[in-house]
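Number of protein chains: 2
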Amino acid sequence: MAPTTTAIYARIVTERRRIMARRLPMLIASAWLFTPSHAGPGRVSSTTLGASTVQQGVAADPLQSWNDGAAKRAIIAFVERVTTQGGPDFVPVPERIATFDNDGTLWSEKPVPFQVMFAFDRVKALAPQHPEWKTKEPFASLLKGDMAGVVATGEKGVLEIMTATHTGMTTDEFSRSVQEWITTARHPKTGRLYTEMVYQPMLELLAYLRANGFKTFIVSGGGVEFMRPWAERVYGIPPEQVVGSSGKLKLETRNGRPVLIKLAEIDLVDDKEGKPVGIQSRIGRRPIAAFGNSDGDLQMLEWATAGAGARFALFVHHDDDAREFAYDRADKLQTFNVGWDEAVAKGWTVVSMRQDWKTVFPRVTK
Amino acid sequence: MAPTTTAIYARIVTERRRIMARRLPMLIASAWLFTPSHAGPGRVSSTTLGASTVQQGVAADPLQSWNDGAAKRAIIAFVERVTTQGGPDFVPVPERIATFDNDGTLWSEKPVPFQVMFAFDRVKALAPQHPEWKTKEPFASLLKGDMAGVVATGEKGVLEIMTATHTGMTTDEFSRSVQEWITTARHPKTGRLYTEMVYQPMLELLAYLRANGFKTFIVSGGGVEFMRPWAERVYGIPPEQVVGSSGKLKLETRNGRPVLIKLAEIDLVDDKEGKPVGIQSRIGRRPIAAFGNSDGDLQMLEWATAGAGARFALFVHHDDDAREFAYDRADKLQTFNVGWDEAVAKGWTVVSMRQDWKTVFPRVTK
Chain A
1 MAPTTTAIYA
11 RIVTERRRIM
21 ARRLPMLIAS
31 AWLFTPSHAG
41 PGRVSSTTLG
51 ASTVQQGVAA
61 DPLQSWNDGA
71 AKRAIIAFVE
81 RVTTQGGPDF
91 VPVPERIATF
101 DNDGTLWSEK
111 PVPFQVMFAF
121 DRVKALAPQH
131 PEWKTKEPFA
141 SLLKGDMAGV
151 VATGEKGVLE
161 IMTATHTGMT
171 TDEFSRSVQE
181 WITTARHPKT
191 GRLYTEMVYQ
201 PMLELLAYLR
211 ANGFKTFIVS
221 GGGVEFMRPW
231 AERVYGIPPE
241 QVVGSSGKLK
251 LETRNGRPVL
261 IKLAEIDLVD
271 DKEGKPVGIQ
281 SRIGRRPIAA
291 FGNSDGDLQM
301 LEWATAGAGA
311 RFALFVHHDD
321 DAREFAYDRA
331 DKLQTFNVGW
341 DEAVAKGWTV
351 VSMRQDWKTV
361 FPRVTK
Chain X
1 MAPTTTAIYA
11 RIVTERRRIM
21 ARRLPMLIAS
31 AWLFTPSHAG
41 PGRVSSTTLG
51 ASTVQQGVAA
61 DPLQSWNDGA
71 AKRAIIAFVE
81 RVTTQGGPDF
91 VPVPERIATF
101 DNDGTLWSEK
111 PVPFQVMFAF
121 DRVKALAPQH
131 PEWKTKEPFA
141 SLLKGDMAGV
151 VATGEKGVLE
161 IMTATHTGMT
171 TDEFSRSVQE
181 WITTARHPKT
191 GRLYTEMVYQ
201 PMLELLAYLR
211 ANGFKTFIVS
221 GGGVEFMRPW
231 AERVYGIPPE
241 QVVGSSGKLK
251 LETRNGRPVL
261 IKLAEIDLVD
271 DKEGKPVGIQ
281 SRIGRRPIAA
291 FGNSDGDLQM
301 LEWATAGAGA
311 RFALFVHHDD
321 DAREFAYDRA
331 DKLQTFNVGW
341 DEAVAKGWTV
351 VSMRQDWKTV
361 FPRVTK
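Residue numbers (my numbering), protein chains in the order written: chain A, 1 to 366; chain X, 1 to 366.
Derived from the structure by calculation, the hints contain no laboratory data.
Note that this is a predicted model, so its numbers are computed, not measured.
It cannot be assumed that every hint is accurate.
Which copy? The list can't say, so a pair holds if one copy fits it or any two copies do.
[To be verified] List of simulated lysine-lysine pairs, DSS-like, C-alpha gap at most 27 angstroms: (1) Lys-144 with Lys-124; (2) Lys-250 with Lys-215; (3) Lys-250 with Lys-346; (4) Lys-248 with Lys-272.
So that you can see chain A by itself, here it is in the shape it has in the complex:
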């Protein structure tokens, strides 16, 4: 007997709390599965773009996609303060570390974080090698497109999907599967490649900071091995400047060559209080500027601004349902609530995507 929507929702809430409490490695997966309003994948837009390139305009104004306003002025003022030689807030180049959240800060994260779409697509791609999945949950429901069925498998189901798609293979094999997916899979709403759903104003901000001697890092709750294969091409951020959630690795020898196997054990949950930990363990230097969009980034912004000297913290506020998505305090998974209040109280910059950004996504040419 199918459970009622209310019963499913109650179960979702309970499961999600348990998962959050246990800090599972792939929180990101639960984000999708435990979003009750989700209608399932498959709303592929008819607007299918061909092989495309992302245009990053070069102009006199390095932040040309930003409207004049408090946010843009605050960014420029900060950069000028810390780069003015002899000024009271001057920061030497090696200390100009800037950290960026990825999902919702550099690219979209709706209807679900894109890594979850990757996991689901991988289940479909791997299904021929797993005939048993036809009758084994949560794979059976997922392969039928029955998302309620997937949700019904709970925490155990989530873990099985993430384990099947993210562990057991070598790091090279996983990287290749990400490369293949990221260059072909398309967003269900916009029909764009996922890498075409990066934010043009943020690409300009990354380039502007680097032009001013900053070293730009990603510090994301998403999987580090999922981001590295494309972050350099898309953001100009090399693998060694990508920090993310990760599982443990094990060195083995296969066919006489060393390989690293992705294990189903947590290494780092790079979210919330895990972000300062990820920053210290991987970067080892406190950022002077940090950029996020949800309460999951709050500890990173607190960590960055707790250092001495000039500091900068910025939240992207998703308030543009026409051009992207609108969600904040009430969002079940990418909540922007405590962080918003703290930003207001501390005078941090809050970017209104609707008001501050001339464009959201890069222009795509075939």
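Given chain A's structure and the hints, the job is docking chain X onto it.
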């Protein structure tokens, strides 16, 4: 009743095997404690240098402290191969990753890894705050300079010393204690600051690689938080390019500010099979060149050379007892044995410190 030397030695061997098997976080500490020939700290040379600077000569030959020979020629040939635009082995700048072991490869590691000297000195520095240490082992023996007594406390004693000196404080507090020590403590044999016991030829090699577009990383079994405070000043390697062994961190709030506490739990043992793991988890890109000096570096060199295209692997062989220390196959702790055979079999470069280096340490001026 005091145990005989033979009994102590037998115990040492057993203890060391147990520790190696368990992969304790601070293997480095056991290195010192379980070296039976160690005569205890305190052999401070009368040659005490004043406040000093390390001179790094600038000359037409970027490797001027290297004698002409197979090692120097192999280094230059490799760099020319991978930097020759249009050549068959050209490597784009972002992929020019070079990883260096630290202890024994960039600076000396005898009579014991210098981090162990730091731990012992910290016990002495912290003793006034711990009156109970006067009667509590292993601290009581250490404070009396009775190394046999420290050794007699076994694995438990080692852990207590490392825990007392490396955990429980904030990362900032620990960093300050390292800064203070590294700028004042002196090597028992040479009387030099430890940072003056770096290898001049390796400083030139680091600079030569960077001048050719390489990004240089440390990948060391030593503690990452111990190396970062001075690696940039001494080696030109910034904190974010230092990978090392580490303990877990925990975010807490103290006096209204976020701090990271160093916990007494293993995060990464960045030695042997842990080095490729450290490289993948922190750097995320396979090095094209790797440099070490002992069997603890072998897996890193294997990992680097297993990639496609031109690769370079080098071992520093400590064969210069007159100017530094001589040890290799028979060394109990920094063994260079399996790696040596593999280097010969695979045609890797083995540097004879005695023959290949014109000078070992930098010239120090008051």
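*asked:* Treating 27 angstroms as the Cα threshold, decide for Lys-250 and Lys-346: within, between, both or neither.
replied: between (44 angstroms within a copy, 24 angstroms between copies)
_Up to 27 angstroms CA-CA - Lys-215 versus Lys-250, copy category_ = between (30 angstroms within a copy, 25 angstroms between copies)
_Same-copy or cross-copy closeness of Lys-248 to Lys-272 [CA-CA at most 27 angstroms]_ = Both: 20 angstroms inside a copy, 16 angstroms across copies.
_Treating 27 angstroms as the Cα threshold, decide for Lys-144 and Lys-124: within, between, both or neither._
Answer is within: at 10 angstroms inside a copy they meet the 27 angstroms cutoff, but 67 angstroms across does not.
Of the numbered hints stated above, none is contradicted by the structure.
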